[in-house]
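Participant: Now for the letters of each chain:
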Amino acid sequence: MANEKDKRHILSMLVDNQPGVLSRVAGFFSSRGFNIDSLCVSETHDPLISRITLVAMGDMAVLEQIKKQLNKLINVIKVLDFTDVDYVERETALVKLRARPEHRAEILRMTGIFRSRVVDVGSDFYTVEITGDEGKINAFLKLVKNMGIKEVARTGLVALAREKK
Amino acid sequence: MVDIYDELIKTDIRHITVRHEQGAVHAADGYTRASGKVGVCLVTSGPGATNTVSGIASAYMDSIPIVVLTGQVPTGLIGNDAFQEVDIVGITRPCTKHNYLVKRVEDLGKTLKEAFYVARSGRPGPVLVDLPKDVVKAATTYRPIKLVHLRSYNPTYEPNFRQIPKAAALIKEAERPMILTGGGAILSNASEAVRRLAWKIQAPVASTLMGMGAFPGSDPLWLGMIGMHGTYRANMSSATCDLLIAVGVRFSDRVTGKVEKFAPNAKIIHIDIDPTSIRKNIPVSIPIVGDCRLTLEKLNAFLETEELGDPGGVRRPWLDQIREWKATKTLKYVQNEVIKPQYVVEKLCEITNGDAIVATEVGQNQMWAAQYYRFDRPNCFITSGGLGCMGFGFPAAIGAQVAFPDRLVVDIAGDGSIQMNIQEMATAMQYGLPVKIIVLNNSCLGMVRQWQELFYDRRYAHTEMEATPDFVRLAEAYGAVGLRAVRPEDVEPVLKKGLSHPGLVIMDFVVEKEECVYPMVPAGAPITDMLLV
Chain A
1 MANEKDKRHI LSMLVDNQPG VLSRVAGFFS SRGFNIDSLC VSETHDPLIS RITLVAMGDM
61 AVLEQIKKQL NKLINVIKVL DFTDVDYVER ETALVKLRAR PEHRAEILRM TGIFRSRVVD
121 VGSDFYTVEI TGDEGKINAF LKLVKNMGIK EVARTGLVAL AREKK
Chain B
1001 MVDIYDELIK TDIRHITVRH EQGAVHAADG YTRASGKVGV CLVTSGPGAT NTVSGIASAY
1061 MDSIPIVVLT GQVPTGLIGN DAFQEVDIVG ITRPCTKHNY LVKRVEDLGK TLKEAFYVAR
1121 SGRPGPVLVD LPKDVVKAAT TYRPIKLVHL RSYNPTYEPN FRQIPKAAAL IKEAERPMIL
1181 TGGGAILSNA SEAVRRLAWK IQAPVASTLM GMGAFPGSDP LWLGMIGMHG TYRANMSSAT
1241 CDLLIAVGVR FSDRVTGKVE KFAPNAKIIH IDIDPTSIRK NIPVSIPIVG DCRLTLEKLN
1301 AFLETEELGD PGGVRRPWLD QIREWKATKT LKYVQNEVIK PQYVVEKLCE ITNGDAIVAT
1361 EVGQNQMWAA QYYRFDRPNC FITSGGLGCM GFGFPAAIGA QVAFPDRLVV DIAGDGSIQM
1421 NIQEMATAMQ YGLPVKIIVL NNSCLGMVRQ WQELFYDRRY AHTEMEATPD FVRLAEAYGA
1481 VGLRAVRPED VEPVLKKGLS HPGLVIMDFV VEKEECVYPM VPAGAPITDM LLV
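Here the protein sequences come in this chain order: A and B.
Note that the numbering used here has the first sequence beginning at 1, numbered continuously upward.
Note that the numbering used here has the second sequence beginning at 1001, numbered continuously upward.
Since the hints were derived computationally from the structure, they do not count as laboratory data.
All residues carry an ideal CB built from backbone N, CA and C; glycine is no exception.
Among the clues, some could well be false.
[Said to hold, decoys possible] Dumping the calculated DSS-like pairs for lysine-lysine here, alpha-carbon to alpha-carbon at most 25 angstroms:
1. 1332(B) <-> 1496(B)
2. 1113(B) <-> 72(A)
3. 1329(B) <-> 1258(B)
4. 1146(B) <-> 72(A)
[Unchecked claim] Every beta carbon over 10 angstroms from chain B, so not counted as near; a handful from chain A, in silico:
5. 33
6. 34
7. 109
8. 134
Input sequences plus hints: build the corresponding full structure.
Facilitator: Listed below in structure tokens is the structure:
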């Protein structure tokens, strides 16, 4: 699917906090055969408004069209594209690792290096909470892979534009 | 829905009971296209709601403002697979401008007000409101709502003032300007402004199927329809012009043909209320987001203050070229011993003096209607353009007739498409709606057969209609009048007799089977690659 025209896009939308809005937004991607790589929806400081942060890969021209269409939706208040602006992004993941006795020290060392922490411990697993940008989480997952990942839950990316200094 | 009907009967709101929900939506749509007012239809839950989908999709593709009210099971049963439950809000999400599920009776008034506002404002479109039984049964106090304000929805009507002088500058330097009108020109009532602009700058005008009537068909600057079945001069003009002023069009594939070859020599000024239509298919020089009428009026006013020189003189070679195209490659057919469908439409235009409201079905009948009827006014050509929904014409004609009981409303149909909503004959009879149906009867699905003839080595796979009802007797069965013409000399008397009858009529014209719509541009080819007669 991916070709050189494809680019990673982070779209941040303010939308009415109502049933059906997410389905309308997601529909524009699915009807064009676009996969959504990550999606995060939650209420803002105004309970009537939610923020949707969405990451998708795709052709610039098609995404331009999707952005215009999203802006047209009655329940969408604002669409921001962080592709070419300065922004901060964060994601949190919970990673459940097999904790064989010989690996436990290594896992704890890793969590230290990544400034993450163990939030749940069982007889044969540790659950680690890690926060950072997408790259940091991917790096952590890559390093602990050999020890045995049981389950991963990622929140999906959230992002905000940087204010002018 | 019974609860609504039980109240409706106490009001003076005019209600027409149709025979099929698809007919109801098309009729509301036809009412809207003819009158400019928002048509409404009311259907029950489940199958009633699913039957509206083709009608809604057709209105959506053509930006027609209608409001569809659907029944729904009580809120407590939603999601329980209740009897006649269907998620119609989910089903119609991609084919409505917006839709609502009302869950509390307190929200009903506001939602309905908003539904009409959303339907008719900005780029118009169909809006669906789903009404659970307990919500419509409940009592509440009605509080009038004056203004709808939606923080997330603010259509741009006023064009950006910086764009007008830029457009004017392009117009001034153009040697071969051309105007192209679309459905947006009709929806925004821009006809007069288009006409003024065309004459002011001496630019010929072509139209898409949806824009027919936005510019008078009898005007000397008229080029005809553009696109796959456009006139030779309209298609050639688009390829030759150095400036294209596009008014309320969305450059669909049936208009542009191969997009890379469309208007290759032209700078394009594109006026549209919907920013998503601009630069979607075709790159443009000057985009102007705004209401077509307001924008053209501003442009015309600006041009008044400018020194334009002698547009007629500067553009003489251009207009002479178009005249030559018109003289040499005009629309034509040969009328021999079998009735030609084009002849029927041409005669209809002559007898009605171009004054009828013409609805069409979809296919060859639609193209011949667009080519051979003369539309001098907007809102008189009612056709399913974007969706191309067979079965649209007759119920839409019923809707138009409801809007204008005293005008002549004609449905130009094929023998295939008329059968797709023929049940509405009973509706027209019940309410005394004297629609005139013209069946161009070629005993086949003509447009598909044409493609088979031209591009599939005449393999007429499953397009033959070997069993077709006797339309004369069918009309009589409904209590209407049926007439038939089999020879060319019958055409005029049948039309005259049928059109002068005060009630519902089917006129069955047995026409040449292997007649094709020409010009024709093969799908995906540049629109200058026309197959001609």
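Participant: When you check the alpha-carbon spacing of residue 1146(B) and residue 72(A), does it fall within 25 angstroms?
Facilitator: Given pair residue 1146(B), residue 72(A) holds - Cα atoms ~24 angstroms apart, limit 25 angstroms.
Participant: Check the non-interface label on residue 109(A): least C-beta distance to chain B beyond 10 angstroms or not.
Facilitator: holds, 49 angstroms
Participant: Do the alpha carbons of residue 1332(B) and residue 1496(B) lie within 25 angstroms of each other, as the hint requires?
Facilitator: holds, 24 angstroms
Participant: Quick one, are residue 1113(B) and residue 72(A) close enough, alpha carbons at most 25 angstroms?
Facilitator: Between residue 1113(B) and residue 72(A) the Cα gap is close to 19 angstroms, so the pair holds against 25 angstroms.
Participant: Hinted pair, alpha-carbon criterion (25 angstroms max): residue 1329(B), residue 1258(B). Please report holds or violated.
Facilitator: holds, 22 angstroms
Participant: Is residue 34(A) truly not at the interface, in the sense that its beta carbon sits beyond 10 angstroms from all beta carbons of chain B?
Facilitator: Holds: least Cβ distance 14 angstroms, greater than 10 angstroms.
Participant: Since residue 134(A) was said not to touch the interface, does its Cβ keep a gap of more than 10 angstroms from each Cβ of chain B?
Facilitator: With a cut-off of 10 angstroms, residue 134(A) remains clear of chain B, as the shortest Cβ separation is near 29 angstroms.
Participant: Just checking, residue 33(A) versus chain B, shortest CB gap more than 10 angstroms?
Facilitator: Check passes; 14 angstroms lies beyond 10 angstroms.
When held up to the earlier numbered hints, the structure conflicts with none and fits them all.
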